[in-house]
Amino acid sequence: MAGQERKIPAPEANPETRPFWEAAAQGRLLIGKCKACGKPHYYPRALCPFCGSDATEWVQSGGGGSVYSYSVMRRVPVPYALAYVTLDEGVTMMTNIVDCDLDAIRIGQRVRVVFKPTEGGPPVPMFSPA
Amino acid sequence: MTIKGKAYIAGIFEHPTRKADDKSLAQLHAESARGALADAGLTREDVDGYFCAGDAPGLGGLSMADYMGLKLRHIDTTETGGSSYVIHVGHAAEAIAAGKCDVALITLAGRPRAEGMATGTAPRNYGAAPDVAFEFPFGPTVVNQYAMAAMRHMHQYGTTSQQLAWIKVAASQHAQHNPLALLREVVTVDEVVNSPMISDPLHRLDCCVITDGGGAIVVVKPEIAKRLNRPRVRVLGAGEAVKHQMGGQVDLTYTGAMWSGPRAFAEAGVTPADVKYVSIYDSFTITVLITLEDLGFCAKGQGGKLVSDGNLISGTGKLPFNTDGGGLCNNHPANRGGLTKVVEAVRQLRGEAHPKVQVKNCNIALAHGTGGSLGTRHGSATLIMERE
Chain A
488 MAGQERKIPA PEANPETRPF WEAAAQGRLL IGKCKACGKP HYYPRALCPF CGSDATEWVQ
548 SGGGGSVYSY SVMRRVPVPY ALAYVTLDEG VTMMTNIVDC DLDAIRIGQR VRVVFKPTEG
608 GPPVPMFSPA
Chain B
2 MTIKGKAYIA GIFEHPTRKA DDKSLAQLHA ESARGALADA GLTREDVDGY FCAGDAPGLG
62 GLSMADYMGL KLRHIDTTET GGSSYVIHVG HAAEAIAAGK CDVALITLAG RPRAEGMATG
122 TAPRNYGAAP DVAFEFPFGP TVVNQYAMAA MRHMHQYGTT SQQLAWIKVA ASQHAQHNPL
182 ALLREVVTVD EVVNSPMISD PLHRLDCCVI TDGGGAIVVV KPEIAKRLNR PRVRVLGAGE
242 AVKHQMGGQV DLTYTGAMWS GPRAFAEAGV TPADVKYVSI YDSFTITVLI TLEDLGFCAK
302 GQGGKLVSDG NLISGTGKLP FNTDGGGLCN NHPANRGGLT KVVEAVRQLR GEAHPKVQVK
362 NCNIALAHGT GGSLGTRHGS ATLIMERE
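One line per chain: the protein sequences are A and B, in this order. For the first sequence, the residue numbers in this note's numbering are 488 to 617. For the second sequence, the residue numbers in this note's numbering are 2 to 389.
Everything labelled a hint here was simulated from the structure, so no lab data went into it. Fair warning: there could be bad hints in the mix.
[What the hints assert, rightly or not] Stretches of chain B that chain A covers, calculated by requiring three or more beta carbons in the stretch to come under 8 angstroms of a beta carbon on chain A: (1) 196 to 204; (2) 249 to 258.
[As the list claims (entries may be wrong)] Just a few of them, taken from the derived set where beta-carbon distance is under 7 angstroms, the chain B residues facing chain A: (3) 22; (4) 69; (5) 134; (6) 156; (7) 158; (8) 159.
Every residue gets a Cβ at the ideal spot worked out from N, C-alpha and C, and that includes glycine.
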């Protein structure tokens, strides 16, 4: 585990995505869902990427998922694990795997969301071993 | 409408520089344009169509048309990252077939080395792009995104680091014969897998070079090609596709080549078995392996076997690739490798590749570009050409 923390740049909210970041500040992970076609999507957006409907809504994820793929970036001062996690709701999101031995991460491993502070912005959803 | 046989690649040029401290970006574009026009036996005055992408300075096509003094009746600045220029050849053929221009010029240039850019290891912030807030905080770089594709391919199909290394080995075997190649030293599988890990599972020697430079291509209508004193290279077919995260249904084991390839083969009326030489965008070794599967040179998941044991080496292997040394060893101008892929394919079709790597009876060649990232979103372009 790194003795030093990697600085996380702040995500920039916009009018379309503000509810996501407000929920993140409360420790809740939201995903997009379409009321017209019923499919969940990520990253969240106002118009459904599957059917084009604007009848989208925010739904809260249970926060559990599994590692779809990952890579530990070595050539930086503080190594970190970039990953895609597939949530139990069926969408796959880019994130980091944190609070663990980076050499022990495996594809298929169960993980749980944990929110980590950013530099002057809302916290971002990362994952640690469940 | 088809573009088959409606346009010819008459001029090519790869800028010889690999570090351009003493040249401007616009100058590199213009020097490349001059080289390709001279190669074709044409002049600046003949150009009536111009194609460039995001690497061109200022307002892109407008700024470069101004600098070069071009008088245009057709312009196309399609931007799909490093695959742009492969797409441009297809678009140029379409424009020529439709009578919108007769002589199309495509240029590329960049100075990432002179500018000290951390090409592969620093996250890039694309500003107002809708994905940025959901990706940039997690540190996605060029190399770790491609690395996630490699990791998943290994997990799903049992692909190994040694198999990936064979791709670099083949590129280095070719690069030893290219006096302009940045890296001319022949490497072994052991040397690749023992080079420093950059981002698991990609080692330093799984990554392409970073170079300054540029290149240009001239595409012309058949009547012009026939009066030029050059071997004639005919465009047979082109396919393009965009692949992205599909609303969260991410699958990193295939690329847009899965769609662009069949489109190009269908238009050309040929199959992978007919292709004598391939130029495959090689940003990383994994890019080549997955692309060859997607283009149908082997079954999905069998790419590791296909690239192993020197099978990509010209003269000994069954599928000679990137005989200039490719992006892995020769040149990756502007961090965009699509244009040089077309250039080496044309050299092969003309019989103008280095004698040590020239493919015998090379009548049909394929060039493929991948721009953007396998890990998030990318543009794929497949081009099939024939020596007439």
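_When the structure is checked against the list of hints, which entries are broken? Sort them ascending._
The structure conflicts with hints 3, 4, 7, 8, although it agrees with all the remaining ones.
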